[in-house]
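There are 2 protein chains.
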Amino acid sequence: MSLHKYTYETLKDFTREVFLRMGSSEDDAELAADVLLGADLRGVDSHGVARLIGYVRLWEAGRVNPTPKVKIVHETPSTATVDGDSGLGLVVAPKAMRIAMEKSENVGSGWVSVKNSNHYGIAGHHAMMALERDMIGFSMTNASPLVAPTFSTERMLGTNPIAMAVPAGEQPPFVADFSTTTAANGKLEILQRKNEPAPDGWIQDKAGNVENNANGLKSGGALLPLGGDRVRSSHKGYCLGSMVDILSAVLSGANYGPWVPPFVSFLPLAENMPGEGIGHFLGAMRVDAFRPVDEFKQNMDNWIGRFRACETVEGQEKVIIPGDPEREIAGIRKTEGIPLLKPVVDDLREVASKFDLVFGEAELA
Amino acid sequence: MSLHKYTYETLKDFTREVFLRMGSSEDDAELAADVLLGADLRGVDSHGVARLIGYVRLWEAGRVNPTPKVKIVHETPSTATVDGDSGLGLVVAPKAMRIAMEKSENVGSGWVSVKNSNHYGIAGHHAMMALERDMIGFSMTNASPLVAPTFSTERMLGTNPIAMAVPAGEQPPFVADFSTTTAANGKLEILQRKNEPAPDGWIQDKAGNVENNANGLKSGGALLPLGGDRVRSSHKGYCLGSMVDILSAVLSGANYGPWVPPFVSFLPLAENMPGEGIGHFLGAMRVDAFRPVDEFKQNMDNWIGRFRACETVEGQEKVIIPGDPEREIAGIRKTEGIPLLKPVVDDLREVASKFDLVFGEAELA
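In order, the protein sequence lines correspond to chains X and H.
Each residue of the first sequence is one higher than the last, beginning at 71 in this note's numbering.
Each residue of the second sequence is one higher than the last, beginning at 71 in this note's numbering.
To be clear, the hints were calculated from the coordinates, so they are not data collected in a lab.
You can take every hint at face value.
The list makes no distinction among identical chains, and a pair is therefore deemed to hold if it is satisfied within one copy or across any two copies.
The list that follows gives simulated cross-link-like pairs (lysine-lysine, DSSO-like), each with its CA atoms no further than 27 Å apart: (1) Lys288 with Lys388; (2) Lys257 with Lys404; (3) Lys388 with Lys276; (4) Lys75 with Lys424; (5) Lys367 with Lys141; (6) Lys367 with Lys388; (7) Lys412 with Lys264.
Model the full structure from these sequences, guided by the hints.
The following block contains the structure:
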């Protein structure tokens, strides 16, 4: 499939302009564009501008408030519950993360559970906000139910990602950012485009049997929790997804489990929803709330260096440090541009036409 | 293999007495016996009295201080770094958890990173201490390196468990407690005793290939991170194990990665150890630091009830709520006794003889 390359700046300007035309303030539009383009830059294409049309459709369906008043509804010195006022998660989450960091500055750590929000983009982006302040950042969110707990045929959980960002010294930071399923939608979509089968352990059919059709979710199947099956401990992935759901939504008063609102606007909301919107959980801990920053960074450098130096399995060049692949891609894309698939370009043209904007031709070879 | 049943009280009295004879104070001996027997009661046999001889041997080797002065070496209102003074993790961890809960009482949440400790028993026990105070409890620890990161042939991480305990209302609490590997040692030992092969995804051989010999670790193999292989996202299990290692040890100043001291006393310590002892990370968050406790518990009850009611895969009776199986076993073992395997009874007799104690015959049919 042919690729169309655009510069980071072009895509960000366009995205910011779209949010402005939806009615967002200058600050909010900048914040949202920054989160979305951060995903494209780091190679997480499933969470970048490819999703812009989804956010626009949610707004058209009246499910996103473009001018949210994000506010603290309950707090202690180290915790807060934040009401996202139905805003874009792309705006609500970084604001909640700022509150977590402020509390961390004051009392060592800060933890914010968020309700009444929407899809917040790439989890790692919010965790990484902590790095420049020498804090360890945490970010997680619940999401539309697509995942079957071990032994279940029902979709009860989202891909519920967890991210943790840790500053280092000479070494680049450690950034883990992963869904709590064997594979998330982005990887299935790649197989669907290539017309390739899904490996065992990725999805099950509607009866709960192994499903190798990469389109299996469309016929009632479900994504599987990390582990894949009971023999390989899918109950641990189910635990992880549940922990994210509880911290993000039961703790804040958002919707949880099968009641989480869908990202796609054409799906109806569940009946008898027990909470408000979707939920996130964000955290920050000052490194120097535990030990001097230079000692910590020396040890982190040593940790990373030692893991980098691991003897490898034949045919593998190196052991990967979490965050390395995304940072390497970002380095390339900053200079060589961000490649978009034709269907994504078409979607962006459709978005442009809704707002009397122009989304131009690819600028880079 | 024949089973020998003992009452909880008999095993706890014996265990407490052993710690007393090692030189522990009354309080510490009680604390340690409580943690160890909590594992036996909940059916986690690999972490209960079966390990008592291991702790005794560590003490004989001079690697455990029976009279530790556990102290805070650095703190903020919501965080602390604790030095375990080479004490039993069974004593150090609950004391660190008390500090976390105290801080949570004061400022909403409390987070304690621990260095200079030893094996702390069952992770869930410490997390569950939070329940009676209407807090969410967290517990994790690093451990002897037995796990190969994705693409590595070297053992770099421990089974590094994560536990989270969440109070509910009418429903019993949600208690997740799991190693970040596909399977931990306890499950391999069961296969070894039965002379059965290990499933794909549990262990690799010394070259990093699939290993189905359940004794594969003895010939240079390694446990695999949750996920099992790259196709099924073992890099996520590797991320999780790394996160536990960093929070437990890089943050506290304990040993991390391949330098974590072994639990078994006959293995030598690594050279150039970068820290002190092994590390834990304990946390507590007051529910009412986020929302009123009764609202939260109502929602937790609803969450648990809905997941319990899931449609199941054919042949499966129900979807399991984390914590259910262990609680059910505890109910049975409280009345019917705790079954021990013959080799465990033999080990306990050996321990008894070291301290001029008697470990009697099985009391229950």
